[in-house]
Each structure stands twice: as structure tokens, then as C-alpha cells.
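Start from the sequences and build out the full structure, keeping to the hints where you can.
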Amino acid sequence: MINTHSVDGPVVSGANAFMAGATETIHWLAQRLSHRLMRCRQPQFAAGASALASILLPVVGARADGPAQTPSIFAPVSTPAFAIRELAMFVLGITGIIFLVVAGLGAYGLIRFRRRRGDSGQEPPQVYGSRQIELAWTVVPVLIVAVLFLVTARYIFAIEQRVPSADTLEVTVIGHQWWWEFRYPRLGIVTANELRLPVSDPAHPTPTFLTLQSADVIHSFWIPQLAGKTDVIPNKTNRMWVEPQQTGTYVGQCAEYCGLQHAGMLLTATVLTRDDFARWVAAQQAPAPEEAQALRGRELFASLACSSCHTVKGTSANGVFGPDLTHLMSRSTLGSGVARNTPENLRRWVEDPASLKPGSLMPAMQLSHDDLDRVTAYLLTLR
Amino acid sequence: MTSVGKAESMGLDAVWRGRIGMIGLIVAEASLFAVFVVAYLFYLGKSLNGPYPKDALEVPLFNTVCLLTSSATVAAAVRALRRGQARRSGGWFLLTLALGVVFLVGTAREWYRLILGHGLTIGTNLFGTTFYALVGLHASHVSVGILILALLSIFAYSGALWPAHVERAELAAWYWHFVDGVWVVVFTVVYLVGR
Amino acid sequence: MNGLADSIVPGNSEDAQRSWLAALHDWVVTVDHKRLGIMYVVTALGFLVVAGLEASTMRLQLAWSNLHVVSPGTFNQLFTMHGTTMVFLVGIPLVFGFGNYLVPLMIGARDLAFPRLNAFGFWILLFGGVLLYFSVVGGEGLYGAGSSPAVGWFAYAPLTERAFSPGNATDYWTLAILVTGFGTIATAINLVVTILTMRGPGMTLGRMPIFVWEILTISALTLLILPPLSAAQIMLLLDRFLGAHFFDTQAGASAVMWQHFFWFFGHPEVYILILPAFGFASEIIPVFSRKVIFGYVTLVAASAGIGLVGMGTWAHHMFSVGMGSPLNSAFTASTMLVGVPTGVKIFNWLGTLYGGKIRFQTPMLFCSAFLFQFLCAGLTGIMLAVAPFDWQLTDSYFVVAHFHFTLIGGLVFTVFAAIYYWFPKATGRMLSERLGRWHFWLFVIGFNLTFLTMHVPGMLGMERRIYTYPADRGWDVWNLVTTLGVPLQILGVLLFVVNIVVSLRQGAPAGNDPWDAWTLEWATSSPPPPYNFAVVPVVSSRRPLWDLKHPDDPDGPHE
Chain A
18 MINTHSVDGP VVSGANAFMA GATETIHWLA QRLSHRLMRC RQPQFAAGAS
68 ALASILLPVV GARADGPAQT PSIFAPVSTP AFAIRELAMF VLGITGIIFL
118 VVAGLGAYGL IRFRRRRGDS GQEPPQVYGS RQIELAWTVV PVLIVAVLFL
168 VTARYIFAIE QRVPSADTLE VTVIGHQWWW EFRYPRLGIV TANELRLPVS
218 DPAHPTPTFL TLQSADVIHS FWIPQLAGKT DVIPNKTNRM WVEPQQTGTY
268 VGQCAEYCGL QHAGMLLTAT VLTRDDFARW VAAQQAPAPE EAQALRGREL
318 FASLACSSCH TVKGTSANGV FGPDLTHLMS RSTLGSGVAR NTPENLRRWV
368 EDPASLKPGS LMPAMQLSHD DLDRVTAYLL TLR
Chain B
2 MTSVGKAESM GLDAVWRGRI GMIGLIVAEA SLFAVFVVAY LFYLGKSLNG
52 PYPKDALEVP LFNTVCLLTS SATVAAAVRA LRRGQARRSG GWFLLTLALG
102 VVFLVGTARE WYRLILGHGL TIGTNLFGTT FYALVGLHAS HVSVGILILA
152 LLSIFAYSGA LWPAHVERAE LAAWYWHFVD GVWVVVFTVV YLVGR
Chain C
22 MNGLADSIVP GNSEDAQRSW LAALHDWVVT VDHKRLGIMY VVTALGFLVV
72 AGLEASTMRL QLAWSNLHVV SPGTFNQLFT MHGTTMVFLV GIPLVFGFGN
122 YLVPLMIGAR DLAFPRLNAF GFWILLFGGV LLYFSVVGGE GLYGAGSSPA
172 VGWFAYAPLT ERAFSPGNAT DYWTLAILVT GFGTIATAIN LVVTILTMRG
222 PGMTLGRMPI FVWEILTISA LTLLILPPLS AAQIMLLLDR FLGAHFFDTQ
272 AGASAVMWQH FFWFFGHPEV YILILPAFGF ASEIIPVFSR KVIFGYVTLV
322 AASAGIGLVG MGTWAHHMFS VGMGSPLNSA FTASTMLVGV PTGVKIFNWL
372 GTLYGGKIRF QTPMLFCSAF LFQFLCAGLT GIMLAVAPFD WQLTDSYFVV
422 AHFHFTLIGG LVFTVFAAIY YWFPKATGRM LSERLGRWHF WLFVIGFNLT
472 FLTMHVPGML GMERRIYTYP ADRGWDVWNL VTTLGVPLQI LGVLLFVVNI
522 VVSLRQGAPA GNDPWDAWTL EWATSSPPPP YNFAVVPVVS SRRPLWDLKH
572 PDDPDGPHE
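Protein chains in written order, with the numbering used here: chain A, 18 to 400; chain B, 2 to 196; chain C, 22 to 580.
Source of the hints: derived by calculation from the structure; they are not laboratory data.
Among the hints, erroneous ones may be present.
Simulated pairs of lysine to aspartate or glutamate, EDC-like, Cα-Cα distance not exceeding 16 angstroms [said to hold, decoys possible]:
id, chain 1, residue 1, chain 2, residue 2
1, A, Lys330, A, Glu308
2, A, Lys330, A, Glu307
3, C, Lys378, A, Asp136
4, C, Lys378, A, Glu140
5, C, Lys378, C, Asp537
6, C, Lys570, A, Glu140
7, B, Lys55, B, Glu111
8, C, Lys570, C, Asp537
9, C, Lys570, C, Asp534
Here it is in C-alpha cells:
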């Protein structure tokens with residue numbers, strides 16, 4: 018049922034088609050509106066209108082092509098997320114009908130049976146109950162619940178009981194306060210915070226299985242467009258899988274309060290074509306580049322406390338408390354997403370991490386100005 | 002709706018106020034103990050290091066017999082009070098108290114042996130944590146029971162305890178029976194099932 | 022007999038100095054259920070204001086991306102204190118306070134079974150609340166400025182272990198709630214005994230007002246599910262102070278075990294908070310529709326059903342923990358099932374309205390909004406019961422919106438209705454209808470603006486408990502709109518407080534029965550004398566005053 022996202026029953030297909038059509042229409046309308054208004058001469062009106070468009074677009078127009086920074090649960094790109102959206106539409110349909118019926122009855126009753134002016138003051142007929150009616154409105158909800166439950170149970174098992182095959186890509190996710198460690202055990206890669214995944218062809222699905230562990234407290238791995246969230250719990254290993262069917266970058270963050278910088282534990286997953294992914298793997302598997310002009314910085318890195326927390330493959334630095342820095346410059350952010358990975362930010366981070374991420378567990382290294390320059394220059398070579 | 006001179010209340014008699022109150026307390030306490038028992042059972046076999054139950058624990062038969070006997074003695078105390086024999090009931094309360102103290106001393110000796118002989122403390126491993134917490138919680142309830150029994154004995158011997166108080170004394174006895182009942186569960190879980 | 026107003030507003034007495042002190046003394050030493058009930062409600066409203074200010078500060082911080090209204094640490098303390106305060110220092114005192122005040126009056130008793138235990142319950146609650154807020158200065162202990170706990174109101178392990186939460190902040194959370202829990206258990210025992218053994222003549226269990234049934238149900242529930250929380254907290258204290266390993270994952274312990282214990286308490290806890298709200302609705306809607314409650318027996322059975330089934334739904338808070346498909350399915354089933362009796366209650370209230378002559382005074386305004394809001398809340402609850410959907414929605418702002426719809430849209434709205442309804446009974450004076458309408462409209466618009474909107478960022482992937490968020494997520498505008506509802510709610514509550522203060526002195530005299538109602542509390546003076554009834558009335562139906570006012574058509578034969 019959920020090996021691809023196109024095998025749906027008629028009701029769900031119809032609902033999906035309606036939603037897709039509505040989404041497309043509204044998206045097209047919003048784009049037309051914002052284009053038209055961008056040409057408007059009155060800037061404040063255009064600004065307001067584009068604000069309106071930016072309201073509409075993320076909700077109903079979240080598209081998955083190109084960088085989709087709004088992680089809407091209704092813009093899935095991966096099989097589990099598609100399945101959940103399918104189920105969600107079904108549930109929303111049923112609860113929507115219930116709401117309209119009951120709220121409609123309620124509104125009607127409140128209006129129709131209000132006391133009129135000039136009312137005699139006589140009490141209306143007292144109705145104590147009705148066994149048949151009360152039985153009916155107990156039995157019908159039970160039936161609705163039964164249907165909902167049976168449908169839901171199928172999805173629970175279908176999603177959770179998926180098993181990997183021999184050549185499935187395996188990633189181990191280790192949650193730390195407040196960053197993400199990613200290991201690809203069969204590929205010998207260790208990286209941090211920014212996941213890279215190969216795209217999956219719906220005709221020949223190639224899911225990626227994630228093994229979730231924690232080094233300290235409970236975290237939760239959530240990239241809404243890829244899958245539902247699964248908690249990352251110390252002394253417990255959880256499993257989940259994703260099967261992204263579109264390239265692009267998808268965002269998420271830690272979804273279980275884990276202390277001071279819970280908000281600073283951001284996630285990205287970049288889905289690449291198979292070729293691009295292979296290239297990335299090869300680059301990550303290589304040891305750290307050794308550039309002559311960074312020699313002094315490399316020596317400093319090894320001799321200072323840096324190496325007791327960080328690993329740089331191919332050097333003596335093999336600490337595991339902090340992220341692996343072997344290919345630091347292949348990442349676009351620092352501090353698990355709190356700052357862009359630019360030379361200025363990198364220097365600021367090494368000088369005083371708390372200035373970018375208050376409460377970060379990496380201490381300020383108290384380096385001299387020159388040492389700071391050298392270490393930063395070295396880190397910049399770790400492509 | 003008419004009003005009459007003397008209002009009789011519906012539901013159970015006034016004597017049931019205390020009884021339902023004590024039943025309510027016992028339900029709440031049972032729920033409290035149940036969680037510690039669940040934790041004990043869940044963590045069985047999960048300690049990362051010793052000492053383990055089968056190495057360290059010895060079945061406290063004598064202690065258990067004393068505590069269970071004390072349920073009989075406290076029942077005798079209530080019966081005596083109901084018959085109007087306040088001083089005799091005082092004697093039974095005192096005997097119950099003494100049996101409770103023997104139980105506590107036995108527990109203390111067991112803990113002494115576990116700590117100094119086996120190196121088992123609450124912080125040693127999961128077994129230590131759950132064992133001391135569960136048995137300790139029970140022992141604290143025994144201690145409270147002993148205080149209540151002491152008060153009853155003093156009142157009985159000083160003539161302040163009358164047959165009219167038998168319902169209240171019986172509530173104290175119910176508490177003591179509950180504490181005994183908890184011990185039956187703890188004994189089974191810790192010394193029989195878990196060892 | 023002086024009205025309540027006179028006993029707290031000393032202007033009418035001869036010796037103003039002495040009567041202030043004497044009045045204060047009377048309140049402090051009281052064991053009268055009516056006074057204790059009022060003290061519970063007033064305390065709860067005070068904490069409501071405090072927790073509301075905490076929430077307002079958070080909404081300011083979140084109104085746009087990357088703001089710096091408060092520091093991350095302060096924000097984390099704010100949401101912890103806000104949740105803890107609202108559940109334990111607002112919700113619980115409100116429901117047990119109203120239970121305290123109304124139950125003896127409604128069943129024809131003169132007080133609760135154990136008046137001194139009753140007083141103990143109140144004062145230990147107040148102590149616990151003060152202890153929790155003392156953490157603001159005392160939290161870090163000797164070696165730093167004080168701070169409140171920052172572990173979230175459900176305080177998941179192992180974040181709460183000493184290694185990850187140093188200082189004493191977490192201990193304040195643990196001890197304060199442990200202590201208030203004992204008071205709640207004591208009050209629950211008191212109410213059960215009172216209801217079972219002290220009903221007036223003719224008041225069989227089947228003739229008790231629905232509200233009393235709700236209080237009986239929640240008191241029984243309390244005895245079963247509050248001790249597990251106390252147990253978990255004792256375990257946490259043992260971990261933190263004596264080096265135990267209950268939740269120490271490095272020693273092989275299970276972090277998930279805390280969650281099981283906590284939510285075994287936590288889910289029935291919210292039923293404890295909402296069943297009395299249902300009770301308020303079941304008393305107010307009939308009176309303002311001029312019709313008997315539709316389906317009394319069904320409503321009582323539904324409450325029992327909710328209480329019972331509700332004890333088996335707790336792990337729907339743990340769908341993302343990795344319990345496995347069978348357990349996920351089981352808890353989906355139980356959670357959906359508990360929605361049935363809840364829905365049935367809504368239908369019964371609609372059945373009560375139908376054919377009535379509805380008067381839209383303030384209590385009925387709040388109850389009307391409650392009906393729609395709770396319907397919405399129940400349906401989002403069904404969505405969350407669907408485990409795979411929950412895998413997306415849990416720990417997001419969707420869940421935050423859901424539970425605020427149940428607790429504010431459900432509980433707080435009916436509490437407002439209840440205050441407008443029973444304030445005349447307690448004080449002898451009516452609240453202002455005009456201010457009441459302003460309060461209602463400001464609050465209902467503000468509440469929905471905030472919490473209806475809040476569902477959206479949840480569906481767009483916004484996690485909860487984050488002190489800020491990136492600018493490129495598309496969440497800014499939704500958060501801004503959410504925040505805009507806050508000043509309206511604040512204004513509404515302000516007018517409410519003004520209404521109370523002004524009406525205490527100048528409200529229209531209420532008389533015994535200002536609403537033309539039917540239950541026993543309206544058969545005595547407003548406020549009632551300390552002994553409640555000079556002669557306890559003999560009842561022969563569920564609506565004793567209806568029988569009195571309609572001797573030609575009493576309720577008895579119809580029941």
C-alpha cells in the first residue's frame with residue numbers, strides 16, 4: 018500500500034486529487050497575485066499583498082521542488098510522509114464532516130430556540146431523554162471509531178514494519194545536546210547536522226534506514242517532509258526509514274525539549290541524485306586535506322584541547338564529544354543550523370561559541386588573536 | 002418538597018465516613034506502592050553490575066511471620082475493645098507494636114548486612130535502587146503504623162480509650178492490615194519472584 | 022446574617038480596624054467548605070493571572086523570528102512554570118474549589134465530612150504554590166542567582182537528573198507538586214466520603230446534580246492516578262539526592278519509564294480537569310434553556326466511561342517513543358474510544374437546548390462558546406489519536422493548540438460561566454451583565470484568534486518549546502497573528518476582575534434564586550448561612566425547586 022505514493026483507494030485518490038488541484042490552483046493564484054502586485058506602484062500595498070501571498074504560499078502552496086524551507090506536513094516528498102498525509106486527509110475528511118454536522122446543529126439550535134421578545138414566560142415542554150436517540154448517537158460514533166481505527170492500524174503496521182534489504186543505506190543518528198551526529202557505518206563516514214541522502218526512484222524504491230540513539234537526554238528526529246518524528250532516547254535504539262522521491266533540501270529540527278538550546282538543534286536533509294550522492298560519499302570518505310599554509314593551524318588544533326573533543330580523519334585528533342570536523346566546510350551551517358558557515362562566523366564560533374549559540378557546550382577557547390586566525394584558516398581548509 | 006424536623010441523611014451511616022475515608026487512603030497508598038512494584042519488576046535482570054538478588058538476598062521468614070502475626074494481634078485488640086476491655090486491648094496494641102518493631106529491627110539488620118557485607122546501596126545498581134526504595138517505602142509506612150499503635154496503647158492504658166472509640170480504633174487496624182498486605186506483595190515480588 | 026461582601030469589605034462595620042483583623046482571622050482559621058471553596062477559586066484566579074503573564078511574555082518572544090525579548094534560559098523557565106502553574110495551581114484548585122463550595126449545598130449537607138482535613142488541603146496547596154515560585158529566587162542554591170525549573174511541566178527524564186539539571190530548580194518543581202498532590206488526595210477522599218454518606222433526605226445517588234457526579238468521578242480518579250505521579254517524583258528525588266538510578270540511563274535505566282508513570286497520571290489528570298467543566302455545562306445549559314437536562318443517566322454513564330477508559334489511554338502521549346505497532350494500535354483504539362462518551366455528552370447538551378427558550382445571559386454565552394470550542398478540541402483530539410498523524414503533529418504547535426482548546430476553550434470558559442452563575446449565590450450580589458458581555462466578546466475573539474491560528478504553524482512543522490525560530494520557515498505571520506489575540510484576552514480578564522471587585526460592593530442584590538434554577542443550592546439564602554440550610558429540604562426528584570414551582574407537574578414520575 019505504501020511502496021509508492023500513487024496506489025490509493027478511490028476515496029483517498031479523489032481526496033488527494035481534490036487537494037492537489039486546490040493546492041495547485043491556489044498556488045497559481047497566489048503567484049499571479051504577487052507577480053501582479055509586484056508591479057504595483059504603491060510599495061506599501063505591494064508589500065502587504067506579497068505578505069498575503071507569503072501567507073497563502075506556505076500553507077497550501079508548499080512545493081517540494083527547489084529549496085522548500087517551510088516544512089509543512091502536507092508537502093511530503095518521502096514515502097512515510099506521503100502515507101501519513103493520505104491517512105491525514107481521510108481523518109480530516111471524517112472529522113470535518115462531523116464538525117460541520119454537529120456545529121451546524123448547535124448553531125441552528127442556539128438561534129432557533131432562543132427566547133423571543135414578548136415570550137409568555139411559560140416553561141417549554143420538558144423532555145427528559147429518548148432511549149432510541151441516545152442509543153443511536155452512541156452507536157454511530159462507535160462505528161465511526163471502528164472504521165477509523167481499522168484504517169489507522171493498517172497504516173501503523175505498514176509504516177513501522179518496513180524492513181530493510183541487504184543493500185539499504187543505513188545511517189546512525191546520534192542526538193547530542195545540541196547537535197546531530199550522523200554516521201554511515203557501511204561507508205565509513207561521520208558527519209554532523211546536515212544529512213545527505215540519495216533520491217529514491219518510485220519504480221525501484223531505495224529507502225534509507227535510520228538508527229536513532231542518544232548520547233545524553235531525549236531528543237526527537239523530525240523532518241516533516243520526510244517522515245513523522247521518532248524520539249531519540251538514551252539507552253534505547255529506535256529505527257525509522259525515509260524514502261525521498263525528489264531531490265532538494267528539507268528542513269526540520271529536534272522535536273523533544275532537551276535543554277537550553279533545544280531550539281538550536283536544527284536539521285537539514287539534502288536529497289541528491291544517485292551520482293551526486295556517490296560523489297559526496299567519495300569526498301567524505303577521503304581524509305582531511307593537508308594544505309601547507311594551514312600547517313601551523315593544524316598543529317595548534319592538535320595540541321590544544323580541540324582534538325580531545327573533535328575528530329579530523331587522517332590526523333591525531335580523534336575526540337568524540339563534539340562533531341566530526343573532517344569535512345567541516347562541506348556543511349552550510351555552523352552550530353547545528355544557528356549560523357551560516359562563513360569564515361567570519363567560523364572565527365566567531367571558535368572564539369566564543371556562546372556568542373552564536375548561548376549555552377553551547379563548547380567552551381570559549383581563549384585563543385590569542387593570531388592563534389585564532391591560524392586555527393580558523395586551518396578549519397577553512399577542511400573541505 | 003416538604004421539610005421535616007429531623008433530617009436523616011441518605012446513603013451510608015455516619016460510621017461509614019471514617020471507613021470510606023480509610024478505604025480511600027488505602028486505595029491511594031496501594032496505587033503508590035503499585036508503581037514502585039512495577040519499577041522493581043521492570044528492572045529485574047537489568048542491573049549492569051552486581052550484587053544481584055540471588056547473591057545478596059536471604060528470605061526474611063522470621064520477619065514476615067512477625068508482621069503477619071501482628072495482624073492477628075491487632076484484630077484481637079479491636080475485639081477486646083469492642084467487648085469493653087480497654088486495658089486488655091492496650092496489651093494487644095502493645096504486642097502488635099512490638100512485633101512491628103521487631104520487623105523494623107530485622108529490616109535494619111538485613112540492610113546492614115547488604116550494605117556492609119555485599120556492598121549494595123541504593124546507588125550501586127538498579128537492583129539496589131528499586132530494592133531500597135520499595136522496602137524502604139514499606140518500612141516508612143510500618144513506622145507510621147507503629148506511631149499510631151503507640152498512641153492507641155497510651156490511650157488504652159491511661160483510660161482514654163473507650164468502647165465508643167472502637168470504630169476509630171478499627172480504622173487504625175485496617176491501616177495496619179493494609180501495611181501487612183503490602184508486605185505480602187513485596188515479599189512475593191522481591192524474595193520469591195525476583196530472586 | 023451579613024453577606025459575604027460585608028465580611029471582606031469592612032466599611033459597613035462599626036470598628037473598621039478591628040473588623041479587618043477579625044475578618045482576616047475568620048478566613049484564615051475557617052473550616053467552612055464555602056469559605057475554603059472561595060479561597061481555592063480566588064487563589065486559582067491569582068495564579069491564572071501569573072501564568073497568563075508568563076504566557077504573554079512567551080508570545081511576545083515568539084511574535085516574530087529571531088526576537089530577543091527574553092533569553093533562551095528564561096523562555097524555558099517560562100514555559101515550564103506556565104504549564105506547571107496552570108495544571109496544578111489553577112486547574113486543580115478551580116475544580117476542587119468549586120466542588121468544595123457546591124457539593125454540600127447541592128446534596129443537602131452542612132459541610133464536607135472532614136472540615137479540618139479540608140482546610141489542610143487548601144493550605145498545603147497554597148504552600149506548594151509559594152514553594153514553586155520561591156524557586157525564582159532560590160532555584161540555583163547558594164552558588165548562583167535563583168532560577169525556576171526549566172524542564173517542562175512534564176519534566177522528562179533524564180533531563181531532570183542532576184547531570185543535566187544542576188542546582189535546585191528541578192527540586193522546587195518536584196517538591197512543590199509532590200506536596201500539593203497530598204492536599205489534592207486529601208480533598209478527594211473528603212469529597213467521596215461526603216457524597217456517599219452525607220446526602221440529605223430523599224437525595225439518592227440518582228437524584229444528585231450532574232456536577233456532583235462529576236466531582237465523585239474525579240475524586241475517585243484522583244485516588245487512583247495521583248499517587249503514581251507522587252511515586253515518580255519520589256523516585257526522581259531519590260535519584261537526585263541519594264544517587265539512585267530510577268531514570269539514570271547510564272546505569273541501564275529506562276527514560277521511557279518516567280513517561281509511562283507520568284502520563285498514567287497525566288492523561289486522567291486532564292479528565293479530572295474537564296469533567297467538572299462538563300458538570301458546569303450540565304447545570305447551566307438546562308437553566309438557561311428552561312429545560313431539564315436531556316438524558317441524565319446517559320450523562321452519568323458517560324462520565325464513568327470517560328473516567329474508566331481514560332485510564333487506559335495514557336501512552337497516546339508516547340506514540341513517537343518507539344513502543345511498537347501493537348501498543349501504538351492499542352492506544353489509538355482506547356483514545357478513539359474515549360472520544361465516544363465525550364461526543365455523546367455534546368449531543369445531550371444539544372438535546373437540552375432543542376425545544377428550549379434560551380436566555381443568553383453571560384453564563385450561557387460562555388457555555389455556548391464552550392460547545393463549539395470543545396467540539397473542535399475533541400475532533401483535533403481524534404486526529405491526534407491516529408498514531409501516524411500524531412507522529413507528525415505531536416510535540417508541535419498543533420498539540421499546543423489542541424490542549425489549549427480543551428483547557429481554555431473547555432475548562433476556563435465554563436469556569437467563567439460558573440463564576441457568573443454562582444457568584445450571586447456566594448456573595449448575595451449579581452455581577453454586571455454589561456461588563457460580562459464585554460468580558461465574553463473580548464475573550465472569545467482573542468482566544469480564537471490565538472489558538473485557532475496556532476494549529477497552522479504546527480502543521481507547518483513548528484516544534485513546541487522553542488524559544489525562537491528561523492526566519493525562513495514561513496512561521497512568522499502565523500505567530501504574529503497568534504500573539505495578537507493576547508491583548509484581547511488580557512483585556513477581557515481585566516474587565517472580569519473589575520466586574521468582581523465592583524460588584525462586590527455595588528452589584529444588584531441577588532436574592533435566593535436569581536436565575537430561576539432548580540437545584541438545592543438555590544433553596545437557601547445568598548450567601549448561605551454557615552450551616553447551609555436551617556432545615557435540610559427533603560427531595561423527591563432531581564430538580565427539587567422545579568417540583569416546588571410546578572407542583573402540578575413534578576419531575577419524579579418522568580425520571
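Verification of the supplied hints:
no.	hint	in the structure
1	Lys330/A to Glu308/A	holds, 14 angstroms
2	Lys330/A to Glu307/A	holds, 11 angstroms
3	Lys378/C to Asp136/A	holds, 9 angstroms
4	Lys378/C to Glu140/A	holds, 8 angstroms
5	Lys378/C to Asp537/C	holds, 13 angstroms
6	Lys570/C to Glu140/A	holds, 11 angstroms
7	Lys55/B to Glu111/B	holds, 15 angstroms
8	Lys570/C to Asp537/C	holds, 10 angstroms
9	Lys570/C to Asp534/C	holds, 12 angstroms
Checked against the numbered hints listed earlier, the structure breaks none of them; every hint is satisfied.
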